[in-house]
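Peer 1: Sequence:
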Amino acid sequence: MINHIFILRRISFIILIAILFISPFSGTWDKAILLSIAFLTSSSLTFIAMVFDKRRGGISYMFEFFILFFIAIPAVFQISTQIFPWYANLHPQYICLAIGLISLSHLAFHAGMAFHTKKYAGVMTSTNRINLDYRDILFYSKWAWSFAIVAMVLAVAAGPSNLFVGRFQIERVPFEGLTQQFLFMCRSLSLLSMIMLLFLVKYSPNSKIKIQNIYFLAMFLLPFIAINYLPALPRFVLFGIFIALSTFVIDYFNTKNKASVAIFSIVVLFIVFPGIKSLGREELDLSGALLRADSSVISSYLLRVDFDAFMQIVSTVEYYIKDIGPIRYGVNFIGVILFFVPRALWANKPLDTGQIVSADLGYFYNNVSSPLQAEALMGFGFIGPFVIFFLLAFYISRIEFHAKSLNNCIPLPSSFFIYAILMGFIAIVMRGALNAVAAQFCTAFIALYLMQFVKSNIRFNKIKQLSNFNVSKGN
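In the working numbering, the protein residues as written are 2 to 476.
In case anyone wonders, no lab produced these hints; they're calculated from the structure.
Take the hints with a grain of salt, since some may be wrong.
Stated by the list, open to error - Here are the computed lysine-lysine pairs in the DSS-like style, where the Cα-Cα straight-line distance is at most 30 Å:
no., residue 1, residue 2
1, Lys55, Lys257
2, Lys143, Lys55
3, Lys209, Lys143
4, Lys211, Lys32
5, Lys143, Lys32
Working from the sequences, and respecting the hints, build out all of it.
Peer 2: Following this line, the structure appears as structure tokens:
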């Protein structure tokens with residue numbers, strides 16, 4: 002099996018390198034179609050290789066799923082029909098260059114994965130052989146309860162009625178400033194709390210604390226459902242929540258599980274999600290479910306704004322090549338880290354990259370996505386996509402390396418929490434725009450690292466106290 006995976010990846014790499022060298026010298030619709038089909042072939046091969054690779058888990062699955070079903074497949078249909086979301090008028094020269102940029106990013110991602118695999122070849126992580134003691138269980142339980150309470154407080158601050166506003170109605174509601182930030186933050190923390198509670202219920206060896214967590218989980222379930230009201234969620238958020246919570250029943254390192262989830266994900270993407278969207282508009286028609294499985298309907302569906310990722314990458318390449326505005330020199334990524342600073346205190350807080358590009362190109366609608374490839378290009382130029390995706394791949398590979406359970410052992414809690422959360426938010430990170438969605442994924446990560454910082458300091462202080470005690474005893 003390892004040999005088959007190796008062959009699939011090598012064929013994919015060869016195709017990506019060929020696209021990378023051909024794309025700068027291409028500028029016709031025929032070549033754009035050929036390049037898009039070539040990239041579709043490559044991404045299909047890497048997706049299949051990922052499914053069969055037992056070293057790759059749920060984050061890798063979500064990344065490759067996004068590349069294949071939200072960039073590669075829509076690109077082929079959109080270029081073939083020359084119809085793009087938001088009625089964009091794209092030139093084949095920039096389309097070809099964009100396919101080259103996406104190929105460069107994908108190459109860098111798999112180079113980062115390969116680098117981590119080679120660096121830690123033969124290393125068996127000891128973090129999978131831990132035993133959760135009473136103090137650890139109690140520590141994580143208190144933080145899980147605290148995150149849930151803070152999430153509910155933020156939900157109240159956002160305005161309870163706003164929780165049930167569908168995203169298609171947001172433009173008609175005064176979603177401004179801190180209100181929207183609170184909404185994103187409460188959803189992020191609620192998911193983190195739910196993941197921690199499920200982990201503690203499943204792995205806690207202490208029956209007393211386990212029962213307490215079960216009671217708290219039962220009480221938090223209704224607020225969690227209200228905070229994450231299905232029709233109000235973008236499909237990327239909704240899909241991420243389902244995937245993140247499924248980690249407790251599905252082993253995403255297992256080949257059969259990944260294959261089964263892939264089939265299920267396709268059904269959800271093309272049939273279930275449109276149904277949920279109809280429910281949010283109060284016009285759900287169950288009789289139309291089978292019609293959505295028709296190939297012509299799916300083809301039209303791939304031309305919608307939900308699949309605007311490829312179009313936005315092309316638009317960003319056009320913006321960059323024409324030198325319409327300067328690159329952002331990483332300001333867009335700084336804005337992500339400091340998302341919690343209100344614009345009232347930071348007058349020059351970075352705008353969304355998608356908003357800047359679409360406005361300067363004259364699009365009539367500016368609240369659009371900005372995929373990570375476009376963000377990296379705007380942040381650092383052509384070197385940006387290679388560096389960003391290489392580092393992202395290394396980070397993902399490291400998380401999956403530590404989160405994987407061996408021989409039914411308990412995974413390290415901190416690694417598993419990050420693993421599940423990143424599974425839930427990687428599609429949001431990939432689609433962007435980063436400055437628009439930062440609160441949705443950064444809140445959970447900041448909360449996690451704050452918790453680990455406190456835990457590390459508690460352990461350090463105990464070790465220091467024990468050391469001082471031994472020294473004084475020796476004297």
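Peer 1: Looking back at the hints listed earlier, which ones does the structure fail to meet?
Peer 2: 2, 4, 5
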